[in-house]
Amino acid sequence: MSNEQEDFGSLFNNQGELGIMDDFAEFGFQTTTTPTNWAAAGNYMYPDQVHLPASINNPNMPINDWLEDAPMPDCYNVPSTSTDENNDPFPFSNISSQSSLKPKTPEKAVVEVRPTGNEMLDPEPKYPKEEKPWCTIFYYELTVRLGKAFEAKVPTITIDGATGASDECRMSLTSQPSSRNSKSSQIRNTVGAGIQLAYENGELWLTVLTDQIVFVQCPFLNQTLNKPLKYVFRLQNKGDQKRMKIFDKEQFEQEKTLALGPLTEKEVADERMRIFSNIRVSFCKGFGETYSRLKVVNLPCWIEIILHEPADEYDTVFRINNERPEIGSRS
Amino acid sequence: MGDHHNLTGLPGTSIPPQFNYSQPGTSTGGPLYGGKPSHGLEDIPDVEEYERNLLGAGAGFNLLNVGNMANEFKPIITLDTKPPRDANKSLAFNGGLKLITPKTEVPDEHTPMMSPVNTTTKILQRSGIKMEIPPYLDPDSQDDDPEDGVNYPDPDLFDTKNTNMTEYDLDVLKLGKPAVDEARKKIEVPDASAPPNKIVEYLMYYRTLKESELIQLNAYRTKRNRLSLNLVKNNIDREFDQKACESLVKKLKDKKNDLQNLIDVVLSKGTKYTGCITIPRTLDGRLQVHGRKGFPHVVYGKLWRFNEMTKNETRHVDHCKHAFEMKSDMVCVNPYHYEIVIGTMIVGQRDHDNRDMPPPHQRYHTPGRQDPVDDMSRFIPPASIRPPPMNMHTRPQPMPQQLPSVGATFAHPLPHQAPHNPGVSHPYSIAPQTHYPLNMNPIPQMPQMPQMPPPLHQGYGMNGPSCSSENNNPFHQNHHYNDISHPNHYSYDCGPNLYGFPTPYPDFHHPFNQQPHQPPQLSQNHTSQQGSHQPGHQGQVPNDPPISRPVLQPSTVTLDVFRRYCRQTFGNRFFEGESEQSGAIIRSSNKFIEEFDSPICGVTVVRPRMTDGEVLENIMPEDAPYHDICKFILRLTSESVTFSGEGPEVSDLNEKWGTIVYYEKNLQIGEKKCSRGNFHVDGGFICSENRYSLGLEPNPIREPVAFKVRKAIVDGIRFSYKKDGSVWLQNRMKYPVFVTSGYLDEQSGGLKKDKVHKVYGCASIKTFGFNVSKQIIRDALLSKQMATMYLQGKLTPMNYIYEKKTQEELRREATRTTDSLAKYCCVRVSFCKGFGEAYPERPSIHDCPVWIELKINIAYDFMDSICQYITNCFEPLGMEDFAKLGINVSDD
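Chains as they are written, first to last, in the UniProt record's numbering: chain Z, 1 to 331; chain L, 1 to 892.
These are calculated hints, taken from the structure and not from any lab test. It should be emphasised that the depicted structure is a prediction, and the values quoted were computed from it without experimental measurement. Each hint should be verified, as a subset may be incorrect.
Quick list of in silico lysine-lysine cross-link-like pairs, BS3-like style, CA-CA up to 30 Å [stated by the list, open to error]:
1) L:K631 <-> L:K722
2) Z:K129 <-> L:K673
3) L:K272 <-> L:K251
4) L:K855 <-> Z:K148
5) L:K251 <-> L:K198
6) L:K656 <-> L:K591
7) L:K722 <-> Z:K129
8) Z:K108 <-> L:K855
9) L:K198 <-> Z:K129
10) L:K591 <-> Z:K108
11) Z:K108 <-> L:K631
12) L:K269 <-> L:K253
13) L:K855 <-> L:K631
14) L:K243 <-> Z:K108
15) Z:K132 <-> L:K177
16) Z:K129 <-> L:K723
17) Z:K242 <-> Z:K227
18) L:K855 <-> Z:K129
19) L:K722 <-> Z:K126
20) L:K673 <-> Z:K126
21) Z:K148 <-> L:K673
22) Z:K126 <-> L:K723
23) L:K804 <-> L:K243
24) Z:K132 <-> L:K723
25) L:K631 <-> L:K753
26) L:K656 <-> Z:K148
27) L:K293 <-> L:K269
28) L:K753 <-> Z:K108
29) L:K722 <-> Z:K132
30) L:K656 <-> Z:K153
31) Z:K153 <-> L:K855
32) L:K255 <-> L:K185
33) Z:K126 <-> L:K656
34) L:K805 <-> L:K855
35) L:K269 <-> L:K177
36) L:K656 <-> Z:K132
37) L:K591 <-> L:K174
Okay, the calculated beta carbon distance ranges per label pair [to be verified]:
38) L:P648 <-> Z:G147: 37 to 43 Å
39) Z:W205 <-> L:T815: 54 to 60 Å
40) L:T815 <-> Z:A198: 53 to 59 Å
Virtual Cβ for every residue (Gly too), placed ideally from N, Cα, C.
Looking at chain Z on its own, in the form it has when it is part of the complex:
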């Protein structure tokens, strides 16, 4: 217990009461509804109430609403620690020594490795500029991420249902490993021509090529259009619903200045901005308030896109907002 407090107790004291977390999913939990979970997760004291200030720009659309999208941890069967030796995927810790030797006196389970106080956190060396992907795409069926993440390096890529192998400008969903879920399998076979993503000059355009309906959840777009962050667009290969700009660097810069702005707004903007680089796309099945599938993890076949340019931008904000006074003073 004392260790626990030592580890983590100061985190919340130092950093204020942070209720809003990482990316999409992290927006999902409402601390007020799961006090027991919080307590169970760690035995330290949490803030009684997490303050979620209302969005400044959209006073009518509190962030809290959007948070419902993300799953509560107890909604799903999170893999539990198996005690069955045969099923343990981690043989690492099972190698108890063959000997039943007992130490002569109790041994410490934890060895502390202490700093000398003179450490220098040397800056990272500069490496030659590398070719970075502009986005990374993860494929999900329900809660499970499948296959390798796809990194887009050419400006225009398609995500389709072809059975061929993925190449640098095409991610084929059907060639991803499948969960043994027949519904997911059926859905991803209907994806067909899929969607096209084109990223040029800081603008990301999404074009629907498939005949099926595509659902897009893009918090950044929602923010700029004054919609709730969790709003889901319904697109189809028909008329003006076919093509849509879902990211614009210029607008993003504005958000960034907000996030680095005065303290009162900073946290909210920071938390909001964290998910602006994320886009979720569902094939065939819709989700959100008007659908039976409330959350993205109910969907049989969906992808998550992370745009690296805004992510990089956010990274600087994130690090500035999380300065480390202790270490900074030493280095």
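Following the hints, position chain L against chain Z.
The following block gives chain L in isolation, referenced to the frame of chain Z:
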């Protein structure tokens, strides 16, 4: 100089040795059999040639002159075929022919025989002085400096099996008798009315040191060149003895006479009181002490008299009225009422440790000497006048006249009888009984000749005031240590030949396959196994009592010995760049607790760890925990360690050296390959080659706690892949990270597995060392193969150890998986949240919200190369073999 003389037992002692040591030659490298290598018939003794040699007609065997007690020089045969591995270039090894003419003598009859620790050239490095120690003088250079090529003894070590030495004796050795006696005078000898604890303390001072303690002493000696009684204070055997002693004193406390007698017996070594000391007999005749059961006479015999003893190898003296076997209501526990019976247990061979066996040639030729008795007689009087075998333990000790009359029973194993057993074909099949006298090879005594320059090493007497100059040092028994081989030496020196290897490094076609031994069966007990190893042998020793002894062999070897066996069996390929002796890890002070572990079957390793409350600062002894990184440690206690420095240079290779897998609890989220020398794992959102930003890893079912931790990571940690293949970790967060790795387990000492290292912000630690991990992986895999071969019925150098192991232990060894070694290729880091025993809600790292595993490629590659080598070079396991191992590979 004087020191040296004292150490090596030079003249002027009048006090007989109070304890004896190994038979000379039993455990030395020993002259090896086989005449000229060109013969090709090394195993077949050639009497004619031998005789020609004696007449000077030819040179088939080594002739060696050794001064005997009578100040004469007599040629003595030695046989040496195996050129030392690290042969001294200054020596011409003419097929092992050496002639030596020592111009020296052993001064008096009381001087016990000494022998150098081994007879092959060794290069020793002691105190920074490099010594090349060839065994014999080169015949071609007789006119040269006679010192050229003289073999100086290794540091004097105890024969762990044959040394009967009390704690008192050890103190005497260390401090000198006057000093000890002076100190003892202040302590009055307790009588029966003294407080029991005082009596116990006093009696314990005269207990016999057990094998494990002697090993400890030897190991320490090898390293520190000193003796330390403290070393044995915490020994588990001592603990047992203490309890046994307490129990006995308690039992006798109402019988003051008996108690007084006990004190007298122990102090006078059985001379002052010769009657019985009895305790009531228990129902099953056994005594329970400290959780162990034992026969009372054996327990107390071992306590005060013999370092090793079993019930079946003892018999009581005639005048004992309450001997154990008499089944009376009282059992006599007077240690001097029981003797070890030769014939059932051979001194120096009682565990028929194959390593100690003399080679067949020697056995054959010994009686053919011109004077077969000469050297032997110095060791063993003829049977008629020889004292009972117990004297092997307590030789020159004046014996009471009630000595047992067991002379006849042990008369048979004389050297003269050896020639009657010419048919012995393989050293494995040799019954120990035949070797006992033959092991007393006088040759090794050579280097102790007075004319020889003093050995360069320091001797035991260095600390002792009395040992500094006088020649009449009463503790001449010091030189007994010279008889005693370093346990790490002898197997190396004679191992290959004893195991029938034609070359020290069999080229994958080692003779194991040609001489299958009887594979052990579950139903077979050890005794019958031994029988099967000795076909037709029983009849060769007519008077041989039936072999029904319990197995007494040591059930483990040290890591060094094991590695030597591995080199013999598997070649040097995986041992490149390693010295033969890694040097046992020995506790050098009370700051360490020494834990014995057996990570692989039949091998014991010592893992020192810090004693609670002790602090080591700045200068680390090399046997401290974290020895691999000791020069970076600023401060070390049992629960914390402070490192400084960056270690070696960071690798600038732009190659993929590892993979980081990111987990949240049991769920694997993502992975990334590490490509730069410095690789960061942080909480940010940067996509880059030299970092793994966990912020970019989404998880739709992330748990609240993971959000918190991920948010706290920010700058994360940095892995540095160094040029020597090691991996260092620096924590750049303000929160701690919790690290575990096989390497750190190994380095931190102690027995606890998966120990957690809590690394505070800014602190660094070496989390992976290639060399250490390599050794562990190699040892484990080779041990697995060794056990597999044993179970396949092949000969391995470890057979004599494996015979003592249960089938289950061997099976477990043979079914060891590479997965179980993965931890030596991995580093696991939990961010912010601790785990393990200290954190009850997270017993394992799989309960941590955010953690990563770094897999290091070179370690896996190395493991792979060993596996491939084993697959390619050794008989693969068939389906039946797997079935025997309990692995079902059938297609059902």
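Structure-based check of all given hints:
Only pairs whose Cα atoms come within 30 Å are accepted, and K631 (chain L) paired with K722 (chain L) is accepted, the gap being roughly 16 Å. Distance hint between K129 (chain Z) and K673 (chain L) is fulfilled; the C-alpha atoms sit about 18 Å from each other, no more than 30 Å. Among the hinted pairs, K272 (chain L) with K251 (chain L) is consistent with the structure: their alpha-carbon atoms are about 21 Å apart, no more than 30 Å. Proximity of K855 (chain L) to K148 (chain Z) is assessed by CA-CA distance (about 18 Å); at most 30 Å being required, the pair is judged to hold.
With a C-alpha separation of about 15 Å, the suggested pair K251 (chain L) and K198 (chain L) falls inside the 30 Å cut-off, and the hint holds. Pair hint K656 (chain L) plus K591 (chain L) does not hold up; C-alpha atoms about 42 Å apart against a cutoff of 30 Å. Simply put, K722 (chain L) and K129 (chain Z) have alpha-carbon atoms about 23 Å apart, close enough for the 30 Å limit, and the pair holds. For the hint linking K108 (chain Z) to K855 (chain L), the alpha-carbon distance of about 26 Å falls within 30 Å, and the restraint holds.
Taken as a hint, the K198 (chain L) and K129 (chain Z) pair is broken in the structure, with Cα atoms around 78 Å apart against an allowance of 30 Å. Of the supplied pair hints, the one linking K591 (chain L) and K108 (chain Z) holds, its CA atoms being roughly 15 Å apart against a limit of 30 Å. About 23 Å separates the Cα atoms of K108 (chain Z) and K631 (chain L), which keeps this hinted pair within 30 Å; it holds. Pair hint K269 (chain L) plus K253 (chain L) holds up; C-alpha atoms about 21 Å apart against a cutoff of 30 Å.
With a CA separation close to 26 Å, the supplied pair K855 (chain L) and K631 (chain L) stays within the 30 Å bound. As the CA atoms of K243 (chain L) and K108 (chain Z) are separated by approximately 28 Å, the hinted pair is consistent with the 30 Å bound. With a C-alpha separation of about 79 Å, the suggested pair K132 (chain Z) and K177 (chain L) falls outside the 30 Å cut-off, and the hint is violated. Simply put, K129 (chain Z) and K723 (chain L) have alpha-carbon atoms about 24 Å apart, close enough for the 30 Å limit, and the pair holds.
Our distance criterion of 30 Å between C-alpha atoms is met by K242 (chain Z) and K227 (chain Z), whose separation comes to about 20 Å. Between the alpha carbons of K855 (chain L) and K129 (chain Z) the distance comes to roughly 26 Å, so the proposed pair stays at or under 30 Å and holds. Of the supplied pair hints, the one linking K722 (chain L) and K126 (chain Z) holds, its CA atoms being roughly 18 Å apart against a limit of 30 Å. Distance check on the hinted pair: K673 (chain L) and K126 (chain Z) sit about 19 Å apart at the alpha-carbon level, within 30 Å; holds.
Restraint check for K148 (chain Z) and K673 (chain L): satisfied, since their Cα atoms lie roughly 13 Å apart, inside the 30 Å limit. For the hint pairing K126 (chain Z) with K723 (chain L), the CA-to-CA distance comes to about 19 Å; that is within 30 Å, so the pair holds. Proposed proximity of K804 (chain L) and K243 (chain L) is supported: the alpha carbons are some 27 Å apart, at most 30 Å. Simply put, K132 (chain Z) and K723 (chain L) have alpha-carbon atoms about 27 Å apart, close enough for the 30 Å limit, and the pair holds.
Between K631 (chain L) and K753 (chain L) the CA atoms are separated by roughly 24 Å; this keeps the pair inside 30 Å, and the hint holds. In summary, the hint linking K656 (chain L) to K148 (chain Z) is supported, as the alpha carbons are separated by about 18 Å, within the 30 Å threshold. A distance of roughly 25 Å separates the Cα atoms of K293 (chain L) and K269 (chain L); the hinted pair therefore holds under the 30 Å criterion. Proximity of K753 (chain L) to K108 (chain Z) is assessed by CA-CA distance (about 11 Å); at most 30 Å being required, the pair is judged to hold.
Only pairs whose Cα atoms come within 30 Å are accepted, and K722 (chain L) paired with K132 (chain Z) is accepted, the gap being roughly 26 Å. Between the alpha carbons of K656 (chain L) and K153 (chain Z) the distance comes to roughly 21 Å, so the proposed pair stays at or under 30 Å and holds. With a C-alpha separation of about 27 Å, the suggested pair K153 (chain Z) and K855 (chain L) falls inside the 30 Å cut-off, and the hint holds. As the CA atoms of K255 (chain L) and K185 (chain L) are separated by approximately 26 Å, the hinted pair is consistent with the 30 Å bound.
In summary, the hint linking K126 (chain Z) to K656 (chain L) is supported, as the alpha carbons are separated by about 18 Å, within the 30 Å threshold. A threshold of 30 Å between alpha carbons decides the hint, and for K805 (chain L) with K855 (chain L) the separation of about 34 Å lies outside it, so the pair is violated. About 17 Å separates the Cα atoms of K269 (chain L) and K177 (chain L), which keeps this hinted pair within 30 Å; it holds. A C-alpha spacing of about 17 Å is found between K656 (chain L) and K132 (chain Z), which places the hinted pair at or below 30 Å, so the restraint holds.
Among the hinted pairs, K591 (chain L) with K174 (chain L) is consistent with the structure: their alpha-carbon atoms are about 21 Å apart, no more than 30 Å. The hinted range of 37 to 43 Å is satisfied by P648 (chain L) and G147 (chain Z), whose Cβ atoms lie roughly 39 Å apart. Roughly 59 Å separates the CB atoms of W205 (chain Z) and T815 (chain L), a value that falls within the hinted 54 to 60 Å. Our hint of 53 to 59 Å for T815 (chain L) and A198 (chain Z) holds, since their Cβ atoms are close to 56 Å apart.
Against the hints set out earlier in the document, violations occur for numbers 6, 9, 15 and 34.
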